[in-house]
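Visitor: Those sequence lines, one after another, are chains A and B. Note that the numbering used here gives residue 105 to position 105 of the first sequence, counting from 1, and the numbers run on in steps of one. Note that the numbering used here gives residue 479 to position 479 of the second sequence, counting from 1, and the numbers run on in steps of one.
In short, the hints are calculated from the structure, not lab data. There may be inaccurate statements among the hints.
[Claimed, not checked] To give a feel for the contact side, a few chain A residues facing chain B, derived at Cβ under 8 Å:
id, residue
1, C42
2, S44
3, E57
4, G154
5, E262
6, P263
7, T446
8, R450
9, R483
10, W529
11, T530
[What the hints assert, rightly or not] In silico EDC-like pairs for lysine to aspartate or glutamate, Cα to Cα no more than 16 Å straight-line:
id, chain 1, residue 1, chain 2, residue 2
12, B, K395, A, E262
13, A, K64, B, E449
14, A, K251, B, E449
15, A, K395, B, E262
16, B, K514, A, E435
Bear in mind that the values here come from a model prediction, so they are computed numbers and not experimental data. We treat Cβ as the ideally placed atom computed from N, Cα and C, and that holds for glycine.
This is what each chain is made of:
Number of protein chains: 2
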Amino acid sequence: MLSTIALRGASIVGGESLAGAGDTFYGFDPATGGRLDPEYHCASLDDLNRAAALAEEAFTTYGKLPGREKARSLRAIAAGIEAIVPELVERAHRETALPEARLKGESARTINQLRLFAQVVEEGSWVNARIDPAQPARTPLPRSDIRSMMRPLGPVAVFGASNFPLAFSVAGGDTAAAFAAGNPVLVKAHHAHPGTSEMVGQAIARAVKECGLPSGVFALLFGPGSQIGTALVDHPNVKAVGFTGSLAGGKALMERAAARPEPIPCFMEMSSVNPVFVLPEALRTRGAQIAGGLFGSFTLGVGQFCTKPGLVFLPRNADADALVAELKTQVEKAAVSPMLTEGIAKSYSSGVAARQAHGAVETLARAGVSDGAGSSCAVPVVMQIEGRDLLRDPKLAGEVFGPSTLVIRYENRDELMALARSLEGQLTATLHGTEADLAAFAGLVTVLERKAGRLIVNGFPTGVEVCHAMVHGGPYPATSDSRATSVGTYSIYRFVRPVCYQDFPQPALPDELKDENPLGIWRLVDGNWTREAVPAHS
Amino acid sequence: MLSTIALRGASIVGGESLAGAGDTFYGFDPATGGRLDPEYHCASLDDLNRAAALAEEAFTTYGKLPGREKARSLRAIAAGIEAIVPELVERAHRETALPEARLKGESARTINQLRLFAQVVEEGSWVNARIDPAQPARTPLPRSDIRSMMRPLGPVAVFGASNFPLAFSVAGGDTAAAFAAGNPVLVKAHHAHPGTSEMVGQAIARAVKECGLPSGVFALLFGPGSQIGTALVDHPNVKAVGFTGSLAGGKALMERAAARPEPIPCFMEMSSVNPVFVLPEALRTRGAQIAGGLFGSFTLGVGQFCTKPGLVFLPRNADADALVAELKTQVEKAAVSPMLTEGIAKSYSSGVAARQAHGAVETLARAGVSDGAGSSCAVPVVMQIEGRDLLRDPKLAGEVFGPSTLVIRYENRDELMALARSLEGQLTATLHGTEADLAAFAGLVTVLERKAGRLIVNGFPTGVEVCHAMVHGGPYPATSDSRATSVGTYSIYRFVRPVCYQDFPQPALPDELKDENPLGIWRLVDGNWTREAVPAHS
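Next comes chain A alone, as it looks inside the complex:
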């Protein structure tokens, strides 16, 4: 199918595609190495400044839009994306080599998360309205009337991710959360999928226009991270940053954000090796099945997930030997597939080679490479190390982005606990175990609760549900701020701050805080959650 959407190769500012100027680049098909039209033009710093000025201006109205109107605009964006799914999937497939089925699923997720946020802001209780009514007769001092609720921060800079061209990119989770909270969004497109980014950007710009919103609520900017990315984080109008990408990239932007005259909150999702622990009874009874699940999880999407299980902790016993044998069998016959970009494939190869070069690391199995495999292809590999060797050199547990995992064999429970304690912060940690296993290893669970944002029992970390309870976050270096999530509705709280109104007359209060509760939301009144009106003042 040929795309019917006209790509302009241009950034979008003020609702319009910009005329071409400055440096240019192309998208590439990682499966063929072929260049993809059209030529893309980088935004200039003037373009960025104009986008930031428009965003600031738009915030004055968009930041105070009632929930139901924000919901309408989120749904319009969702519908706009839904209308172009076939073209989007086609272009994204060419730009990323990700399978069409995966991209269809990712489209659905992207659309659904916009709609989930629409529900949340339409219902309205998310604002965390708190009301402590006046107590004029209190002694020794009367109490003022104190009310507070969440307010948006202001324009948010969002950095599209390489590995999710839809769900963590132009209209991805960061954008959806920032919009839902009431913030304009300035997206820096990822250079690896410019066409996909532009299609989604156009859909957002159309929805913005259709809903009568100020055009400055959204801008899409193409350009190098070292120029457009840093200028976005530096811009005084930008009040928060959402980022999904590498540790090096995220760290550089964190430092930049902290060095501003006005430091701003940063939400970087960066690096995770997602340890898996197979406990004794589960190992004995389900070892082969777990091996299959593990193989599927660490090779899914050519291992290009932040949640890819990169460490597997197994004891030194025959049950574990059997699991490892099964894992080897599967890896040996695994497919060799193209990664998102040639650069990512090279990083993967060198990461694997560096690990293999370590004297303590044994390569258990690698997939056979067929003749036609291009330079973007990644070879699935499973390696192994003794627990004591990893304890001696914990850097070996660092992230290798791609279809590889490292089996760690431990001698006894003390060594296992020492290994768990030596882990850095993670997005996820997985336990395979029966109820008896989990009870016997409760101490391990306690350690992992401090290490990861999400603990999984008898499953695999890839596949992140978009829902209210999801936490896609974790201690550094998994993210820059363990108190946040970048997936699920709780992620809206990254982009808001509480504002308190003391002794405001009723007409001057936001609807969320008025006595009669016109929006019917849940509020904490004098410390109790209720949807009732505040009783008439005494």
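With chain A fixed as given, assemble chain B onto it according to the hints.
Guide: Okay, now just chain B, sitting in the frame of chain A:
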């Protein structure tokens, strides 16, 4: 009255006062300049490392303590402080020269906020439990069972403030919130009130022992910020920082926390000038009354509040002239009182002198100095500047800590809006106005909502209510993170992070997340707030 509490002049680690060693210092009476016994010994880095190791060890149990047991320990601390209020007030009065009535009030606030947090954690809904039950029949993919709740971060470093020897110090708001969340606390005592700090520290240590908690949940460390303070922020066991103090001090610690191998969240409350806007109808009808309130607010506690109104915006008209005349009269006959330390008094004098040296600043009035005023005394001063001059040199609006305020006279509404927009982040902004004024100046309110954590109508910013809806926070440089408050029950969220449990069997879940809701707390089940049990799985 002579204090009956034995002061040891020592840090408290592991529940015990440390033997003296290393550098020493004394408390001083700012009213007399006299040295106060006993001699205080600084903690060594070894002491700090031991405290941090004990805190980490204590966290394993304290971090999982049920809410009702945390409530019991918070109440034991409150009772322990309540039992020594007379001695505390006496010592604090000598160390700070703050009036006894104020210190009694501050004691009550300190005790009450511990009890308020006890209520919150006993009730339990604060953990933000979220449950999205499994949907095994969902297509195309079944949904896992996803549950999440807040978990404590780990040991928290708290820096006692100079200006609140009780409510923002050893058992102050940061400590109460961190304990309530489930974190051990390491307090760096402020050198300006060591005896008060030690008395409270001993009370906490006794309560910790009485409740059978591990002694490492609390430590009190004396020593210079440049040594003990930075070492605390650097320590790998420390997972968050709470600080109330100067912009320079807070900024230095923020940079330190960001430069750690594992950066940690920092909550610095630093600098605010708390602008006051008097709108036309209020000015006409209540000008003299507002002048009196303002005078009371900016001289309260010798101007040593983070919420002291340091800027007063008035038009160039006769109503405002009358308000200014009244303000001058009050300032001229104001008392000259000692500040917390001689150093703070010197900073105040030089801050006032620097402002007065500016050609555009007019000194409207200053209090007369009596002969007996010591070197710690501060002279109340009111100055004035034209709006256009302040717009030319916005640095003039910086904080001057002490009993001084700056009146800004603006020509028209455009100039007023420009002035409001030029403000940095603030803890508070105050409007005096009728309902009609507020409606006419809604645009000003919108600007101030972005500038401050708390907006006050027809009141004064000093006096911060400890309640559920309070926000004592605001954009930088008021605080390091506008998304937080350091007063009120919402402040507990600074010291927690969400942790997600996927497909956990019921017995392995925390009580807060079990189907039957054994704690009876409010939970977000499938997106709806409820206290009901989760229906049996389909």
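Visitor: Starting from the hint list further up, note which numbers the structure goes against and sort them upward.
Guide: Hints 1, 2, 3, 11, 14 not satisfied by this model.
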